[in-house]
Amino acid sequence: MGEGKLIFDQLAAGDRAPERRHVLTRTDIVRYAGVSGDMNPMHHDEIQAVAAGQPSVFGHGMLSMGLLGAAVTDFVGVGNLTHYSVRFVRQTWPGEELVTRVVVAGTRVEGRRRYVDLDVALANSAGEDKVVGRATAEVPAAG
Amino acid sequence: MTAQRPPEGAADKLELESLRGRSVGQSTIVIERGPVEAFAAAVFDENPLYRDPAAASAAGLPGIPVPATFPLAFETWGRRDELQPEGAERFALNEFLDPLVARGALVLHGEQGFDYHAPVFVGQVLDGRSTIVDVYSRESKGRRMDFVVLETAWRDRTTAEPVVTTRMTVIVRF
Chain S
681 MGEGKLIFDQ
691 LAAGDRAPER
701 RHVLTRTDIV
711 RYAGVSGDMN
721 PMHHDEIQAV
731 AAGQPSVFGH
741 GMLSMGLLGA
751 AVTDFVGVGN
761 LTHYSVRFVR
771 QTWPGEELVT
781 RVVVAGTRVE
791 GRRRYVDLDV
801 ALANSAGEDK
811 VVGRATAEVP
821 AAG
Chain A
428 MTAQRPPEGA
438 ADKLELESLR
448 GRSVGQSTIV
458 IERGPVEAFA
468 AAVFDENPLY
478 RDPAAASAAG
488 LPGIPVPATF
498 PLAFETWGRR
508 DELQPEGAER
518 FALNEFLDPL
528 VARGALVLHG
538 EQGFDYHAPV
548 FVGQVLDGRS
558 TIVDVYSRES
568 KGRRMDFVVL
578 ETAWRDRTTA
588 EPVVTTRMTV
598 IVRF
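Taken in sequence, the protein lines are chains S and A. The number in the numbering used here is simply the position in the first sequence, starting from 1, with 680 added. The number in the numbering used here is simply the position in the second sequence, starting from 1, with 427 added.
Isolated chain S, as found in the complex (with noise of 0.2 Å):
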């Protein structure tokens, strides 16, 4: 029922999505805090973080899912994706760059369903990842 915007033939392990580069404000997270309902203070009160022995407000880790969700589902099109998990492996600060890494493990056939596996992550631009993980997307059949 998705887009369909990938062609499983011409799939290779490798294939790399376009990159999403982001600059992390603190209007960002805030934004986030909002919309997700995550009112965690870290994320919002720089003075609480501060207390807390961080060094400013940090990023959701839900927030670097999205980002980086955003990229995986631009590449296998929206209705596609079967799976996506990661595991939240740094904070994110306001100022860094984030970018975004979605390559292409491999393709199977399991019947008469055909997908893709992808290997995910979200990074700074010092090449610290933030988040990893995997993803899945069924490839509708080619025409």
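Hints in this document: simulated from the structure, not taken from any laboratory. It is possible that some hints are incorrect.
[To be verified] Beta-carbon label-pair distances, calculated as ranges:
no.: 1; chain 1: A; residue 1: Ser567; chain 2: S; residue 2: Gly733; range: 16 to 24 Å
no.: 2; chain 1: S; residue 1: Thr705; chain 2: A; residue 2: Arg565; range: 30 to 38 Å
no.: 3; chain 1: S; residue 1: Ala731; chain 2: A; residue 2: Arg570; range: 20 to 28 Å
no.: 4; chain 1: S; residue 1: Ala731; chain 2: A; residue 2: Ser567; range: 34 to 42 Å
no.: 5; chain 1: A; residue 1: Glu459; chain 2: S; residue 2: Arg788; range: 31 to 39 Å
no.: 6; chain 1: A; residue 1: Pro526; chain 2: S; residue 2: Glu699; range: 40 to 48 Å
no.: 7; chain 1: S; residue 1: Arg696; chain 2: A; residue 2: Arg565; range: 27 to 35 Å
no.: 8; chain 1: S; residue 1: Gly733; chain 2: A; residue 2: Thr586; range: 43 to 51 Å
no.: 9; chain 1: S; residue 1: Asp809; chain 2: A; residue 2: Arg565; range: 32 to 40 Å
no.: 10; chain 1: A; residue 1: Arg530; chain 2: S; residue 2: Gly684; range: 26 to 34 Å
no.: 11; chain 1: S; residue 1: Thr707; chain 2: A; residue 2: Arg570; range: 32 to 40 Å
no.: 12; chain 1: A; residue 1: Glu516; chain 2: S; residue 2: Asp689; range: 47 to 55 Å
no.: 13; chain 1: S; residue 1: Gln728; chain 2: A; residue 2: Glu502; range: 22 to 30 Å
no.: 14; chain 1: A; residue 1: Gly452; chain 2: S; residue 2: Arg706; range: 33 to 41 Å
All values reported here derive from a predicted model rather than from experimental measurement. Glycine residues also receive a C-beta, built at the ideal position from the N, C-alpha and C atoms.
Following the hints, complete the assembly by docking chain A onto the known chain S.
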């Protein structure tokens, strides 16, 4: 501290163990259009499919779809009182975690997973049931970390077909 005392954190560990297999209650939610658009913007996703019914229709979708990680915000926006089944049990994981935080525990979101069984669209009504599916501990550099895994299975209210299952791993560290 004397040798006879139980190791620090033992009582907390027992409390966490008691969570295993526990039902965390149920919610019925409706997917509303405004929150979907706001959520897409908050994760920097400009795709018109999340905003424009005509774009969704042109892409062959029966309605406005939701971003991949939106299921974690289902209950924030769409849990309308009038939709809840009578006598529905509701239990917040935070009721267990907050006292641990008050005793100095650090609670972290360790992992998050989604299994998508069918696409979700604006206007759909979903029933969700949450269960603590696992609790386990690991030692790392002489410190114990406890892991609590919470799974929520969402089904279409009309067809009872599964649409998405979320799996959250929370880390509790003393």
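Against the structure, the hints:
1. A:Ser567 with S:Gly733: 16 to 24 Å: 19 Å, holds
2. S:Thr705 with A:Arg565: 30 to 38 Å: 35 Å, holds
3. S:Ala731 with A:Arg570: 20 to 28 Å: About 23 Å separates the Cβ atoms of alanine 731 (chain S) and arginine 570 (chain A), which means 20 to 28 Å holds.
4. S:Ala731 with A:Ser567: 34 to 42 Å: 26 Å, violated
5. A:Glu459 with S:Arg788: 31 to 39 Å: 36 Å, holds
6. A:Pro526 with S:Glu699: 40 to 48 Å: 43 Å, holds
7. S:Arg696 with A:Arg565: 27 to 35 Å: 33 Å, holds
8. S:Gly733 with A:Thr586: 43 to 51 Å: Since the Cβ atoms of glycine 733 (chain S) and threonine 586 (chain A) sit about 49 Å apart, the hinted range of 43 to 51 Å holds.
9. S:Asp809 with A:Arg565: 32 to 40 Å: 20 Å, violated
10. A:Arg530 with S:Gly684: 26 to 34 Å: 53 Å Cβ-Cβ, so the 26 to 34 Å window is violated.
11. S:Thr707 with A:Arg570: 32 to 40 Å: 35 Å, holds
12. A:Glu516 with S:Asp689: 47 to 55 Å: Check passed, 50 Å falls within 47 to 55 Å.
13. S:Gln728 with A:Glu502: 22 to 30 Å: Holds, at about 25 Å.
14. A:Gly452 with S:Arg706: 33 to 41 Å: 34 Å, holds
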